[in-house]
Amino acid sequence: MSKPTELYLPLPKLFLGAVVTVLACLPCVGSAKVKAAGLFIPPKIERLFDTYCFSCHDEEIQKKDVRLDRLDTLALDTRLNLLNKMQEQLFFKEMPPKKKKQPSEAQRAFLVEWVSSELKQHNASKLEEKLKRPEFGNYADHDKLFSGEYAHLKGFTRDRHWLVSEFIFNAKINRLIDHPSIRTIDGVKMDVIGDNGVNVSKRFGGHNLRQSITNPFLLPSSIGVRYYDTTALSAGHLLMMISNAKKIATYMSSEKAMKAHYPAMHRIMKMELAHREILASRERFLNAYIENVAQDIYKERNEALLPEFVRIEVNEVRVPLDSKGNPRAKEDNMELLRTRYDRQDIEAIYRGIQKYKQEDVSYEEVIEKCERDWFNSGVHEKRLLGRIMLMKIMGARWDMSLIYEDVGKQNMALPPYRSLSESEMQVINASIQEHRKKGDRYKYIIEKCMNDWDVSFMADRIAAGQAGEKQIDDLVDELFAKIHEREPTEQEAKENIALTKTYMKTLGNQEAIAKLIETLILSSELVYRSEFGQGPTDEDGRRMMSSRDASYALANALIDSSPDKELVVAVKEGKLSTREDYRREVIRMLKRRDQYYVIDESVQKTGFNSSITNLPIRKLRFFREFFGYTKTMTLFKDDARFGAGRYDDSKGRLVDEADMLVAHILAKDRNVFEELLTTEKFYVYHSGDNEAMKAASDRLRKIYDYFKAHDWENFTEDELYEHWDFINKMKMMGTVFPNFLKDDRRRSNWIRSFKTQMSSLVIRFEKGQKAAAPYDSTGMAYWNKGNASTRTGQQMRGPEVTTFFGIDYRNWDYPTHQPAKMSNRKGMLTHPAWLIAHSLNLETDPVRRGKWIREKLLAGTIPDVPITVDAVIPEDHHKTLRQRLEKRTGDVYCWKCHQKMDPLGLPFEIYDDFGRFRTVESIEHPENLIKEADRQASPQNGINVAQYKTLPVEASSLIKGTGDEKIDGEVRDALELAERLAKSPRVRQSIIRHAFRYFMGRNEVLSDSKTLIDAEKSYLDNAGSFDAVIVSLLTSDSFIFRKSDNN
Amino acid sequence: MTTRRNFLQSSVLGSGALALSPSFNHLLGAVKPDPHPHRFIFIRKSNGNIPSQFSLPTFSEEQKKKDKDKEAFEADLDKHELPQWMRELDGHKENMTILNGISMEMSDGGHYSFSGCLGAYKAGRNTISGIKRTTVDFELAKLFPSPFDHVELSLASGSGTVAFRTGIVSGFSAPAMHQRNFCYADPQTAYEELFKSVTNTSAVDSDNVLLSYLHEQEGRRLKGLDGKERTKISNHVDSIQSIRQRNEKVASLTETISKNLPKIDKIHANGGPNASLPEKQDAFTDVMLAALISGLTNVVTYTMDDLGTPITTLPGNKGQVDLHRLGHSRDYELRDIVKASHVAQIAKIVTKLKSVPEGSGTMFDNTTIIYFPETGAGHHGPNTEAPMMIMTGKKSKLDIAGRFIRLPFHATEGHKTLGNWYTTLLNACGNPIEHYGDLDLAMSRKKMPQTGPIARFLA
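Protein chains in written order, with the working numbering: chain A, 68 to 1114; chain B, 11 to 469.
Be aware that a few hints might be false.
Stated by the list, open to error - The calculated BS3-like cross-link candidates involving lysine-lysine, where the alpha carbons are at most 30 Å apart (straight line), are:
no.: 1; chain 1: A; residue 1: K193; chain 2: B; residue 2: K238
no.: 2; chain 1: B; residue 1: K206; chain 2: A; residue 2: K221
no.: 3; chain 1: A; residue 1: K798; chain 2: A; residue 2: K837
no.: 4; chain 1: B; residue 1: K74; chain 2: A; residue 2: K313
no.: 5; chain 1: A; residue 1: K323; chain 2: B; residue 2: K238
No lab work stands behind these hints: they were computed from the structure.
Hey, can you work out the whole structure from these sequences and the hints?
This is the structure:
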């Protein structure tokens, strides 16, 4: 029997030894297409079956259609399936049922050993792989892990390929396509990590190419640690990567990219690029000045060589009328004109107007002259028609004086004609003379010349021969460095040179290079992290990772990106080969604050939130995944039940502020777990910049104070305009503007928006509130700077977020310095983002909330919902959700599992499914409706929802079996429960177990016992520092040492 | 009978040894395509569909009143005239359904619903995490596999900017949760990509060299690996081999593709900067038809326009108004002109497919075209209604042809949602899903039943 090394089992030592020998040696799960073989059942097993199994699974009774007395007669596949089920049931102690007679630990171990050995014979055991999945993490016995009994076991992680995560993939892609991941943070433009490029608008970092790359490595959407080393590349991944590789290769082999980044590539392409440059220069020149060139060549004969000009037929454009039949006011938004139509056409039109419009030339004449020019130059008939039509529309509907002014201001005219060098002009003139025929438009002449030159250049390149061996060798080196961040081996270099030559035989050089790039991108190396032991083996068969692998392991553990400069230097200088080296680098990276990261682009995009942090991103992401509050982003709610405007507009802000709170606690790094579970201070409608928020709030105060001295409610437009200087100074957008008195069209709207703003301020200040939430109740366009700004310079949106906290603006002294105390809240489990994430569309979800606490904070296990159970709470519109739930789960069969969840989730019934504190529950059913909601809800007016009959909320609960007697017992509500949880060592250890999984990418086993104990000790010794936990984990044996599958 | 359980079992078996893959694996299951599969063409449009524009001009007074009051009723199309903008389909009334009363509140997204209108969920601001499930077109593509499985074409600008896109760009369908499809944004690109095996053999050859090289390289990595680590790499090797086999399959269709290769005008070269909207529409239709007739795909999703699609070259758009402005105006005439340009393409598709023999009938017998709005009944909703037009062939599994159907209004008894409609399509084609898509929250609040197919539509 080999000594136990990786142990998963929550069973006694005797049992462990017996089973692990079998399990640990089992190779991967495989298909059991082996011919049926006989089965020998030892007499002792027969006796155990007889004692514990046959009463429910024999000839007479077959519960769940399972019969165990004829195992030897079953076809092999059927038998192996059944044995796998038996192995699981025995292992998870689900059989025999609790109410039946139980085997001793030794007997159970014996049974499992026999079943496992039978499965092993056919390479068919599924249990081992199953236990590696995240949802089975807690099956390693908690008490044993922390008892110290197993601390002598040497920790290690298996040699592994670990598929990149969605975040690492994003970073790789950004690097390959030189994606400018830039954000303006606190007024400074800077490179960030974590941009996934989904934004459409370039204003917010959007990028067409980046957006078109599909990420095949997205993590599951489940709550909890999700990124494990168990996933294998599949055909789905490859199919998406084939499409991605083509796009990336096209970019990397583009002229722009090779000139900027790839000198070896550029050398191969040098001659071709020089030719292209000449061609492009000639084309540009001729497109702009062919008329001048032709005039020089042909003098007075030029006109006769042009085609006969025939004007295009265009319908007249009428001046639009308003509803009373009067001509509508002329359009005056020049920016709109320039952006609404095709840029190429607008430029041509502006250029034409600039060229021909004189005092004595009418606009109609300008149109005709432009048309003649475009006709001669060969503008496509349809485009020509469009341009003339557009010019006529401009004449009829736009204020032409403004257009003439704008034409001068934009100055799109071409520079004056100047010929190219003498030699170039000789070539051009000769070619035009050779190709021009009578009646040719200029464009056609240019096409013929270009084609001629292109063919001639290509012949030159063929004569010069293919790229040389050395050039291709350099190219391969260059691409390996960029794509795989290393040098190729000798063999790789040789093979890739040969491959490139093959590509070059059938494709042009540039396409061949692109193909080589595609090939390298599709290699499994790009998407698998490699973590293999290297060098000498220690006495326990373990080896440390190579320095290079270690640098990636550390970088990916902390920043989801390639190693930073310091790590690269450490590898080069051989300073990443000891535990102390690891410690030095981990501490350095944890302390670094000059690098910002995008936390979540979907949060950024929902309401222009900043969603950035300068903490090493994976520190924050661990808690995001652990708490799972981000699920709020994908959970939809009914606006009518939200009752404060559009729910979707507020959820991005809510999650952003939950992130800010976690980041705030992590930045302080003291008693982190306790703070996360019990803090009473929250961010509510706040950017994280206290000074900016105070300034923005003070501005509102000034506006309110200024106008409250006036009879603003009865202001006329003229009276309002008397205050223009103040309004202008305060940047009260959407109120009045310099032309206010002259403009007839907007007066009523603008005075109305002023009054709307003031009415809102009255609500926020009239009861003597010291400060108000700095939002503008009108004009939510992004350019409106009336609101406070986010740290990324966008208008701060989502003031509805206050309603989750039950805030009434009439009585709220807005805290400009946050996080600030909020009533009836204690820790992240009472944050509305967590409560919503663990709710349903229309109801709370005590079961899910309780399950989360049991699994994430108490390291407990809950079996899957049996397939026979219809897990739906029955409707009854005379009862609270709790009453209905208890009726459903109260019977013995359901309660077996629900007792582990419901008592932990029910204390959160003091919050509704939007996370709003409550003392009564609305029984939402049409028959209970008292009053419909007012649909005109707005944040400052509080929540406005339909009124239903209510019943009192009952949130007390009796908690049992948590593994910590200080948690067990009667609990009043979630606030009390949070306090108890925060004080529990078991909770602390459970969080550390999850952190272990997050940073190691696998479940913990008994040989990781010392790693876990050390991590907890570090936390306690360092005043509750989570950084200390990370340092401990990333310098542990479990992280540093690797062992091969064969060892 | 197909039950949910045996359907799931057969789906898993269909993807064989590669069952672990996240999204696209069903593509590789297309080794034995059905000789006469059902085909679906989803045509998305922007700006919503105004319900009154889908009313029949020859309605009786009673029908007019019901239609106006949004009460449920039906009418035979052969007894009525079609609205002017639909007239090009006059000859195909027996295949036509005008369906009103379906709501799409669960995909509400303001100006755009992105993938939401095909997945019956809110796609938010088109973020990856907002893609909640496989869209219905991809679900149907799984049921009728083909070498390209699903083809997406688009004339959308994909952003607020008024401009045509070109090349291969991000699409609106979703092959899986959190996965965004790509689409062809101009006819020439679609032509070059779909018919590459005929039109660009050197590109195909180099692809084959690449895959062969990759197969060998990755195969070599297996040396010395055991257990799970071996599986990780061997999966990749098997995947490469599967793709090589798929390419061989496409290569075997070369003769058919050559026979049906469309002619693309040179105006579409380089993305077609001078091509007008009708020219782009025409060319896309030609490419789509050739792909369907050649058997390269059985499911096409075609975004005819979004709010950034330039429509200034559309005959009749005298004011050179863009679609966003049109959405905010009451210019119903121009709305009709836009829709008529779409109908012209639908008529072309129907006519062509009816001319191609298949089995004892024509290709159109096995075809369903769904012309629908991405934003319900207006520029940015309301989404309580989403009038659509459906064309179905003789062998359709839906019993709806030849009728104007108005279903009960949103959140009233008997109302049907987009989820019910998509469930109907899936159930009719062999996917026994109980309900596809998100639930309508107003219906849930009112405790109204809302899951399952529209039973009366199932033939």
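Open item on the list: Can you confirm whether the C-alpha distance between K798(A) and K837(A) stays at or below 30 Å?
Closed with: It holds: about 22 Å lies between the C-alpha atoms, which stays within 30 Å.
Task: Restraint check for K193(A) with K238(B), where alpha carbons must lie at most 30 Å apart - done: holds, 12 Å
Open item on the list: For a C-alpha distance cap of 30 Å, please report whether K206(B) and K221(A) respect it.
Closed with: Measuring from Cα to Cα gives roughly 57 Å; hence the hint is violated.
Open item on the list: Between the alpha carbons of K323(A) and K238(B), is the straight-line distance 30 Å or under?
Closed with: violated, 43 Å
Open item on the list: Would the hint linking K74(B) and K313(A) be met if the CA-CA limit is 30 Å?
Closed with: Measuring from Cα to Cα gives roughly 55 Å; hence the hint is violated.
Comparing the model with each earlier hint shows violations of hints 2, 4 and 5; every other hint is respected.
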